[in-house]
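Given chain A, work out where chain B should sit, using these hints.
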Amino acid sequence: MNPPKSATAKKVDVQAARAPRSESEELISGSEAISHAVKLADVDVITAYPIRPYDTVMQYVSQMIANGEFDCEYIVAESEHSQFEIVKHASAVGARVFCGSSGVGWLYAFEALAVTAGLRLPMVAMVGNRALDDPGAFGVEHNDALSVRDLGWMLAWVATAQEALDTALIAYRVAEDSRVFLPCAISCDGAFLTHSQSIVKVPSQQMVDNFLPPYDRGDKQLHPDNPITVAPQANEDWVMEIRRQNDMAARRAREVIIEAYDDFNNQFGRGGEPFIERYMMEDAEVALVGMGTLAMPVKVAVRKMRQEGKKVGFLRVRWFRPFPTIELQGALSGVHAVGVIDRDYSFGSTFHSGALANELRSALYPLANRPKVVSFIAGLGGREVSTDNVIDITGRVFAAANGGEIDDQDTYWIGVRE
Amino acid sequence: MSTSSVEVVYRGIFQKTLAKNVCRGIVFAAKKDGRIGIAFGRYSDSPERNGIPAKQFAVVADTEEELEEHLSRYEPDNNDVTICADDTLCKGVESWAWYGLQPINKLLKPDGTLLVTSMRPADSLIRDIHRKAVPYNLATVKGTASFSGLWVYKDDHTDVRLLGALAKVAPHVVSLDAIIEGIGDSMKQASVRKAYDMVEPVPVAVDQGNDEVPYEFDLPGYTTMEECLVIRGMDKQQDVPGRDGGYVPARNPTFKKYATRTMRPVINFETCTKCTICWLQCPDTCFDVTPDDYYDANMEACCGCGVCEAVCPVDQCITMINEEAFTDNASQWEMWSKDKESYSKWLSEKISEQPARSHGFHHIGQYAEEIAHEST
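Protein sequence lines correspond, in order, to chains A and B. Quick note: the first sequence uses this note's numbering, first residue 1, plus one each step. Quick note: the second sequence uses this note's numbering, first residue 419, plus one each step.
Keep in mind the hints are simulated off the structure, nothing from the lab. Some hints could be false.
[Unchecked claim] EDC-like, lysine to aspartate or glutamate: derived pairs with alpha carbons at most 20 Å apart: (1) 674(B) - 466(B); (2) 201(A) - 23(A); (3) 675(B) - 466(B); (4) 299(A) - 388(A); (5) 675(B) - 237(A); (6) 674(B) - 237(A).
[As the list claims (entries may be wrong)] A short, non-exhaustive set of chain B residues, derived as facing chain A with CB atoms under 10 Å: (7) 462; (8) 514; (9) 637; (10) 641; (11) 643; (12) 644; (13) 649; (14) 651; (15) 652.
Remember, predicted model here, so these are calculated numbers, not experimental data. Virtual Cβ for every residue (Gly too), placed ideally from N, Cα, C.
With the rest of the complex left out, here is chain A:
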């Protein structure tokens, strides 16, 4: 006979769980790290609809609620569209919200995603990156999150569970800053991050409270005592001004992100550089550029090649929106060639490259001595990007730097069967 459900539930000392204390170390997955951040941010309203790999987050959050560790409105919607609409409205009335999805689930919410950014609502969402259907695949591709890249959503990509937790806290602080008021999506590579566990420092409630002020929508809050209309019908005599306001908010986000990383580094003793991570870039002659958990095999390969005397470095893009144009220009102006590894595609685009390569090429164009850019597509649908793949890629980038027979006006697919 199965034991009653209550007997299997984890026994938690609620007082201890809520008490201020220093950081604890826990062996958790990227999804679990996000759920810890959500609890620490004391989110008011969370909506859920299952889709792999995001669904692991909703499992962990609901477990915390069931265990009495965490109190919030937790609503399982009937679809992703409703899921995102509910938190959008909750955010308008002043609730701190969390939401998330993956792959075509994220796309099913697209109308809500567009208006969330349009209305300047600071939703924080987790995208468990997953290939878009068809075929129905579970593995990682970045096209899901990238689909909102033009709408005002801030987009961060993380490489470790620790970074997932830290970035979620930073995301709330930036999104809810009244200078910004824009939604932020944190992309976590499906499987590689969402389903693998590592040791993560989980900060105390007090530490988080010191870093993250409460969400205050000020006089933009929908409330009976503050009679306002949001989301009016407007015609061509208003739309450009509204778009320009969103543009200015997206521009201001840059400074607010820098401030948030400064404070986070001071208070938590980690966090790193905003926007990008530089790995062995100091004297690099060629650089590899990518996002997300790709960092792991690339760093291993870079170390290997460094031992052979090859001056190669890696630059990981942590924020795709706002795009770190200035940082990338600064970091790459000294190298001879750049290899961009996209875990996404943009069919029919410039040189048939992925989204990152196209943006990066555009950022480097104004440089007087711009490096050659060679673009690669790899790891689609969760396929492994091996260190050998990275060494192969780097060989081609060196060839481009040395004037070899490399096509910088096309894109190399790495690890695809012919």
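Same frame as chain A, but now just chain B:
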């Protein structure tokens, strides 16, 4: 080598098909004349609202290049002819994408012609039309405003009569022969010819017309606008200038409804029982509460829908009157409280001398009444 354009100003929904027929008729006729053209509506008027002023245009040219040159503007601004399909629009045009009150003749080129469907004499129309810095002509096609609905069309020949009159006042736009050729029906061809023969334009000088400055306001820019698509609610109550007591509901100060009206309610305060139904039912909250608890229809907020008249339970209390009978937007209650005798005289004159018209809105029972009226 030339281009010409015609704008048709009409009441949204009620005259949409009429305006479309006129613009298409011009383009078809121009084709018979060996020219090319295009007909289009002003996109920001869509989706149209009942009775709200809207515009459609017809542009014709000898060559593709000339046509393109003319179309490179959102709204043609030097029209050969402005057709005004409802004479109450002579007071001005306020589209629902609001930018104040546009004089009906504003986009007419010098010496162009304003062609109005109306039963009124020219000087009566000129009284309502804002003055223009250059001379122009005024012509009328005799008839009341032709109103129908979104899905039905009242084929009363207004469209072809306007086309016939157009051929007379602006033969360089379309010829009479081309219009006749484009219309197969012999009865309609007769209507075209009759309108052509009857229309008599009169010149309007720069010192003729309404000398009021049209109501306008500046739109804010992105640095001065409220952020996050927020529109702030108005204060709950506004002061009533010159009144002690009473209640004026909150209204957007830049959102007036002068020209959206084809009719307006006049109120007999002597018969009013203060039952509050007009005040409660008005969809535009246009009634001000007076210090002595009467309900005064504020002409800045009334769109002329006639709901108040339809719901008023008292016989001869609220009556809808053709907007052409009025030259100002003054408070009726103030007029009544100052001098009840002259108000009573004014009221009975307005009601008895009321020029015929319909506001186009249908309220419970009204449609049956109209059918009964037409069958007698």
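Quick rundown of the hints versus the structure:
no.: 1; hint: 674(B) - 466(B); result: holds, 18 Å
no.: 2; hint: 201(A) - 23(A); result: holds, 6 Å
no.: 3; hint: 675(B) - 466(B); result: holds, 16 Å
no.: 4; hint: 299(A) - 388(A); result: holds, 12 Å
no.: 5; hint: 675(B) - 237(A); result: holds, 19 Å
no.: 6; hint: 674(B) - 237(A); result: holds, 17 Å
no.: 7; hint: 462; result: holds, 5 Å
no.: 8; hint: 514; result: holds, 9 Å
no.: 9; hint: 637; result: holds, 6 Å
no.: 10; hint: 641; result: holds, 9 Å
no.: 11; hint: 643; result: holds, 6 Å
no.: 12; hint: 644; result: holds, 8 Å
no.: 13; hint: 649; result: holds, 4 Å
no.: 14; hint: 651; result: holds, 3 Å
no.: 15; hint: 652; result: holds, 8 Å
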